[in-house]
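Using the sequences and the accompanying hints, generate a full structural model.
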Amino acid sequence: KQEVTQIPAALSVPEGENLVLNCSFTDSAIYNLQWFRQDPGKGLTSLLLIQSSQREQTSGRLNASLDKSSGRSTLYIAASQPGDSATYLCAVHNQGGKLIFGQGTELSVKP
Amino acid sequence: KAGVTQTPRYLIKTRGQQVTLSCSPISGHRSVSWYQQTPGQGLQFLFEYFSETQRNKGNFPGRFSGRQFSNSRSEMNVSTLELGDSALYLCASMRKGTDTQYFGPGTRLTVL
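Protein chains in written order, with our numbering: chain A, 3 to 113; chain B, 76 to 187.
Incorrect hints may have been included.
For lysine to any residue, the following SDA-like pairs were computed, each having C-alpha atoms within a straight-line distance of at most 20 Å [as the list claims (entries may be wrong)]: (1) 171/B x 134/B; (2) 44/A x 157/B; (3) 3/A x 34/A; (4) 44/A x 87/B; (5) 44/A x 70/A; (6) 70/A x 55/A; (7) 44/A x 131/B; (8) 100/A x 175/B; (9) 88/B x 132/B; (10) 100/A x 117/B; (11) 100/A x 131/B; (12) 100/A x 86/B; (13) 100/A x 130/B; (14) 100/A x 148/B; (15) 70/A x 29/A; (16) 132/B x 113/B; (17) 100/A x 88/B; (18) 100/A x 113/B; (19) 100/A x 132/B; (20) 70/A x 175/B; (21) 100/A x 101/B; (22) 88/B x 163/B; (23) 100/A x 112/B; (24) 3/A x 87/B; (25) 100/A x 119/B; (26) 100/A x 128/B; (27) 3/A x 116/B; (28) 112/A x 19/A; (29) 70/A x 19/A; (30) 88/B x 112/B; (31) 112/A x 11/A.
Listed below are several chain B residues computed to face chain A (Cβ distance under 8 Å; list not exhaustive) [to be verified]: (32) 118; (33) 123; (34) 165; (35) 177; (36) 178.
Hints listed in this document are in silico derivations from the structure and should not be mistaken for laboratory results. Glycine included, every Cβ here is placed at the ideal spot set by N, Cα and C.
As structure tokens, this is what we get:
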């Protein structure tokens with residue numbers, strides 16, 4: 003059974019700092035991995051999707067990497083801003099439309 | 076292009092009642108998935124529909140059901156509501172041939 007874990011559960015950093023969020027999964031037979039952002043009480047916004055054949059994806063200040071063999075993914079955020087404050091969720095896609103989510107990392111960027 | 080829309084956004088029901096939630100996917104998307112989000116369990120997959128057929132189902136009791144219409148709009152029904160059904164219910168749509176799921180804003184269900 004696929005399990006997804008995100009560490010840390012919460013993170014507080016000063017504005018401008020570079021940071022890394024971690025995601026691990028137990029079953030390496032994944033189709034892809036997707037990172038989302040969720041603002042309080044809102045839906046999920048897709049940030050990056052990495053196919054199982056890819057090693058990384060970049061979008062602006064965000065860079066996500068994937069190491070299937072070790073069951074790990076990281077989301078790197080460069081030059082963090084207060085507007086980056088949100089909960090970040092990673093989800094692995096095993097088959098069909100089923101995503102299995104981690105519990106998320108709650109990020110707070112202090113001005 | 077309009078995003079995924081969900082109605083209603085907020086709902087208050089009492090135990091034993093039933094509820095129907097609606098999701099309209101992005102135009103051209105034929106896959107719709109439903110998720111339940113609670114503080115304790117996080118995000119859990121309920122079911123996925125594609126071209127009016129249920130393609131995947133999560134580990135939820137039979138009180139949770141869904142359907143999809145020919146225009147890809149989907150509804151989710153929960154019968155005999157329990158206090159533990161209070162949650163944010165999210166739907167997501169996906170275009171055939173791609174893997175990115177796009178989520179709606181969710182329906183916040185409170186069961187009293």
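Hint-by-hint comparison with the structure:
| no. | hint | result |
| --- | --- | --- |
| 1 | 171/B x 134/B | 25 Å, violated |
| 2 | 44/A x 157/B | 23 Å, violated |
| 3 | 3/A x 34/A | 16 Å, holds |
| 4 | 44/A x 87/B | 18 Å, holds |
| 5 | 44/A x 70/A | 30 Å, violated |
| 6 | 70/A x 55/A | 9 Å, holds |
| 7 | 44/A x 131/B | 25 Å, violated |
| 8 | 100/A x 175/B | 12 Å, holds |
| 9 | 88/B x 132/B | 25 Å, violated |
| 10 | 100/A x 117/B | 15 Å, holds |
| 11 | 100/A x 131/B | 7 Å, holds |
| 12 | 100/A x 86/B | 26 Å, violated |
| 13 | 100/A x 130/B | 10 Å, holds |
| 14 | 100/A x 148/B | 18 Å, holds |
| 15 | 70/A x 29/A | 9 Å, holds |
| 16 | 132/B x 113/B | 18 Å, holds |
| 17 | 100/A x 88/B | 28 Å, violated |
| 18 | 100/A x 113/B | 18 Å, holds |
| 19 | 100/A x 132/B | 8 Å, holds |
| 20 | 70/A x 175/B | 19 Å, holds |
| 21 | 100/A x 101/B | 18 Å, holds |
| 22 | 88/B x 163/B | 14 Å, holds |
| 23 | 100/A x 112/B | 14 Å, holds |
| 24 | 3/A x 87/B | 34 Å, violated |
| 25 | 100/A x 119/B | 9 Å, holds |
| 26 | 100/A x 128/B | 15 Å, holds |
| 27 | 3/A x 116/B | 16 Å, holds |
| 28 | 112/A x 19/A | 10 Å, holds |
| 29 | 70/A x 19/A | 28 Å, violated |
| 30 | 88/B x 112/B | 17 Å, holds |
| 31 | 112/A x 11/A | 17 Å, holds |
| 32 | 118 | 4 Å, holds |
| 33 | 123 | 4 Å, holds |
| 34 | 165 | 6 Å, holds |
| 35 | 177 | 6 Å, holds |
| 36 | 178 | 4 Å, holds |
Taken one by one, the earlier hints fail for this structure at numbers 1, 2, 5, 7, 9, 12, 17, 24, 29, listed in ascending order.
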